[in-house]
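Trainee: Following the hints, position chain Z against chain W.
If you want the building blocks of each chain, they are given just below.
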Amino acid sequence: MTAELPASARTEDEDLEPSTTLFTYLGPAVTLIGLVALWEVLVRWSGIPGWLLPTPTAIGEAMAEWRNELGWHFLITLYEVLAGFALSIVVSIPLAVAVVYSPFLQNTIYPILLALQSMPKVAIAPLLVLWIGFGALPKIVVVFLVCFFPIIVATASGLTAVPASLIDLIRSLSATPLQTFVKIRFPTAMPHIFVGLKIAITFAVIGAVIGEFVGSDAGLGYLILISTSQSRTPLAFGALLLLTIMSIVLYYAVEFVERLLVPWAPKN
Amino acid sequence: MSKIHIENLSKTYRSKRSRVTALEDVSLAIEQNEFVTLVGPSGCGKSTLLKIVGGLIRPSRGRLIYDGEPLLQPTRDVGIVFQEPVLLPWRATIDNVLLPAEILGLNLAQCRVRALELLKLVGLEGFESSYPRELSGGMQQRVALSRALIHNPSVLLMDEPFAALDAMTREELGFELMRIWDTHKKTVIFVTHNIVEAILLADRVVAMSPRPGRIAKIVKIDLPRPRTLDMEFTGEFKSYFDEIRAVIYSGGGAARP
Numbered sequence: 026m027t028a029e030l031p032a033s034a035r036t037e038d039e040d041l042e043p044s045t046t047l048f049t050y051l052g053p054a055v056t057l058i059g060l061v062a063l064w065e066v067l068v069r070w071s072g073i074p075g076w077l078l079p080t081p082t083a084i085g086e087a088m089a090e091w092r093n094e095l096g097w098h099f100l101i102t103l104y105e106v107l108a109g110f111a112l113s114i115v116v117s118i119p120l121a122v123a124v125v126y127s128p129f130l131q132n133t134i135y136p137i138l139l140a141l142q143s144m145p146k147v148a149i150a151p152l153l154v155l156w157i158g159f160g161a162l163p164k165i166v167v168v169f170l171v172c173f174f175p176i177i178v179a180t181a182s183g184l185t186a187v188p189a190s191l192i193d194l195i196r197s198l199s200a201t202p203l204q205t206f207v208k209i210r211f212p213t214a215m216p217h218i219f220v221g222l223k224i225a226i227t228f229a230v231i232g233a234v235i236g237e238f239v240g241s242d243a244g245l246g247y248l249i250l251i252s253t254s255q256s257r258t259p260l261a262f263g264a265l266l267l268l269t270i271m272s273i274v275l276y277y278a279v280e281f282v283e284r285l286l287v288p289w290a291p292k293n
Numbered sequence: 002m003s004k005i006h007i008e009n010l011s012k013t014y015r016s017k018r019s020r021v022t023a024l025e026d027v028s029l030a031i032e033q034n035e036f037v038t039l040v041g042p043s044g045c046g047k048s049t050l051l052k053i054v055g056g057l058i059r060p061s062r063g064r065l066i067y068d069g070e071p072l073l074q075p076t077r078d079v080g081i082v083f084q085e086p087v088l089l090p091w092r093a094t095i096d097n098v099l100l101p102a103e104i105l106g107l108n109l110a111q112c113r114v115r116a117l118e119l120l121k122l123v124g125l126e127g128f129e130s131s132y133p134r135e136l137s138g139g140m141q142q143r144v145a146l147s148r149a150l151i152h153n154p155s156v157l158l159m160d161e162p163f164a165a166l167d168a169m170t171r172e173e174l175g176f177e178l179m180r181i182w183d184t185h186k187k188t189v190i191f192v193t194h195n196i197v198e199a200i201l202l203a204d205r206v207v208a209m210s211p212r213p214g215r216i217a218k219i220v221k222i223d224l225p226r227p228r229t230l231d232m233e234f235t236g237e238f239k240s241y242f243d244e245i246r247a248v249i250y251s252g253g254g255a256a257r258p
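In the order they appear, the protein sequences are chains W and Z. Per the working numbering, the first sequence runs over residues 26 to 293. Per the working numbering, the second sequence runs over residues 2 to 258.
Check before you lean on any hint, since a few could be wrong.
[What the hints assert, rightly or not] Coverage of chain Z stretches by chain W, computed from C-beta distances (three or more under 8 Å per stretch; other residues unrestricted):
# : stretch
1 : 22–36
2 : 79–89
3 : 99–110
[Stated by the list, open to error] Not everything, but these chain Z residues come out facing chain W in the computed CB check (under 10 Å):
# : residue
4 : 75
5 : 113
6 : 133
7 : 149
8 : 158
9 : 160
Read the hints as simulated data drawn from the structure, not as lab findings. Don't be surprised by glycine CBs; every beta carbon is placed ideally from N, CA and C.
So that you can see chain W by itself, here it is in the shape it has in the complex (with noise of 0.2 Å):
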């Protein structure tokens, strides 16, 4: 018999291709540096008044000097933002799977959730303030609910997602519910799950600053708040670069777990 070449053994020489790895990172790392450079002169050589457009050196000064302030609020954020997040993903995916195994919760649970997803956030936010107050908890049902229907919608069409043939081999050896759930749908579900969770994350910052700017007193959207109130415009650029970095950096966190846990996902 001649054995065909397993896949991974075809594909080897093809992945030789020059270096292009420095490049591809060096390239965005330029441009970006550019950009600063180029702001950084405009400003300066147009005379734009620091309070409506500081230069990044300024903002680098500020961030310097009020580095304990923005460290603690970046924690309040991070907190509201991770806690959001966690506590979406333990009501959403059960409740995915209920939805999805049962028609009657499909059809009165998919109107609300669809009813909840339409009502904007920023309008909701002053009524959680009027219900539970100034506290981290109304901060954290805001990004609960920015975060639960990306994972709500990813996870149910995961789990629905198994091909039709195999469900026909397990049927065909009378497999139970509970087998078919543990050992095709959920595995199955996963990469879907995380498409959701990574959409859900990169929410759950805006999320809660939407949730600190209606009222609080701590977090970033707090001190951004403030900051643009007392013309401190520097510090306020500096609590946005926390907020992107903190984004940024939560979504590539997911990713790292998503790695871990669904090494068959494909890559994106």
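Mentor: For chain Z alone, coordinates are given in the frame of chain W:
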């Protein structure tokens, strides 16, 4: 007594607006350890018939007698191979093969030994811990075949198992299947739309015609075993081919391709 006895079987799919008769009045007796191929164009109900034999679809009318007993639900005595391997991407080869054993609650230590033997039999020794994405289409289908055999069923149901493979891999796997069938003694029902494949593999070819799906003719293939590729060019083979081709396309009024 036949292994599988199909009596006046019909299957009609009803939707709100239409009724489609997938199978009409099909009768067929399949003997123990017989290799039967079902061949016909799409829409002739060959896959439906296979699923009914596997207990996956209930017939609208008629009976299916399996080992002398009417079959009303899926039986553990069949192994199934589909056109797509449908392996679980998160499981290594050996664990994919063991899936039916896990579901059936068999002794996993014994089954592991058996799985390794089966993988050796299909030429995948050394690939036990490879993942499906690391295997070619032909190798994946070999894993699927091992998975279908792990619980030692007496019947193997194959739904166009080699249709997605290239011509050479397809021939190779066909001969391997015959070798396995010869040593392990299984009753095989093999669905295909390829007449050459149907003749080369079968003891009997069941030629089906479409709209409604029914048996047009059953042709006994008297070519000696083991079969070889050269047989394809004999006059005997050609007369089987012409006979089957003629009945398949006369019944349903379908145009000849």
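Trainee: Examine the stretch 22–36 of chain Z for residues whose CB is less than 8 Å from any CB of chain W, and state whether their number is three or more.
Mentor: violated (count 0)
Trainee: Counting residues of the stretch 99–110 of chain Z whose CB is closer than 8 Å to a CB in chain W, do you get three or more?
Mentor: holds (count 5)
Trainee: Taking the least C-beta to C-beta distance, is residue 149 of chain Z closer than 10 Å to chain W?
Mentor: Result: holds, 9 Å to nearest chain W Cβ.
Trainee: Less than 10 Å between beta-carbons is the criterion; does residue 133 of chain Z satisfy it with respect to chain W?
Mentor: holds (8 Å)
Trainee: Can the stretch 79–89 of chain Z be counted as covered by chain W under the rule of three residues or more with Cβ-Cβ separation shorter than 8 Å?
Mentor: Contact hint for the stretch 79–89 of chain Z vs chain W: holds, 7 residues under 8 Å.
Trainee: Tell me if residue 160 of chain Z is really an interface residue toward chain W, meaning its C-beta lies closer than 10 Å to one of theirs.
Mentor: Cβ of residue 160 of chain Z sits 8 Å from chain W, so the hint holds.
Trainee: Checking hints one by one. Is residue 158 of chain Z an interface residue toward chain W, by the C-beta closer than 10 Å rule?
Mentor: holds (8 Å)
Trainee: The hint names residue 113 of chain Z as touching chain W; please verify it with the least Cβ-Cβ distance against 10 Å.
Mentor: At 17 Å from the nearest chain W Cβ, residue 113 of chain Z fails the 10 Å test, so the hint is violated.
Trainee: Min Cβ distance, residue 75 of chain Z to chain W: is it shorter than 10 Å?
Mentor: OK, holds: residue 75 of chain Z within 10 Å of chain W, min 5 Å.
Of the numbered hints listed earlier, those contradicted by the structure are 1 and 5.
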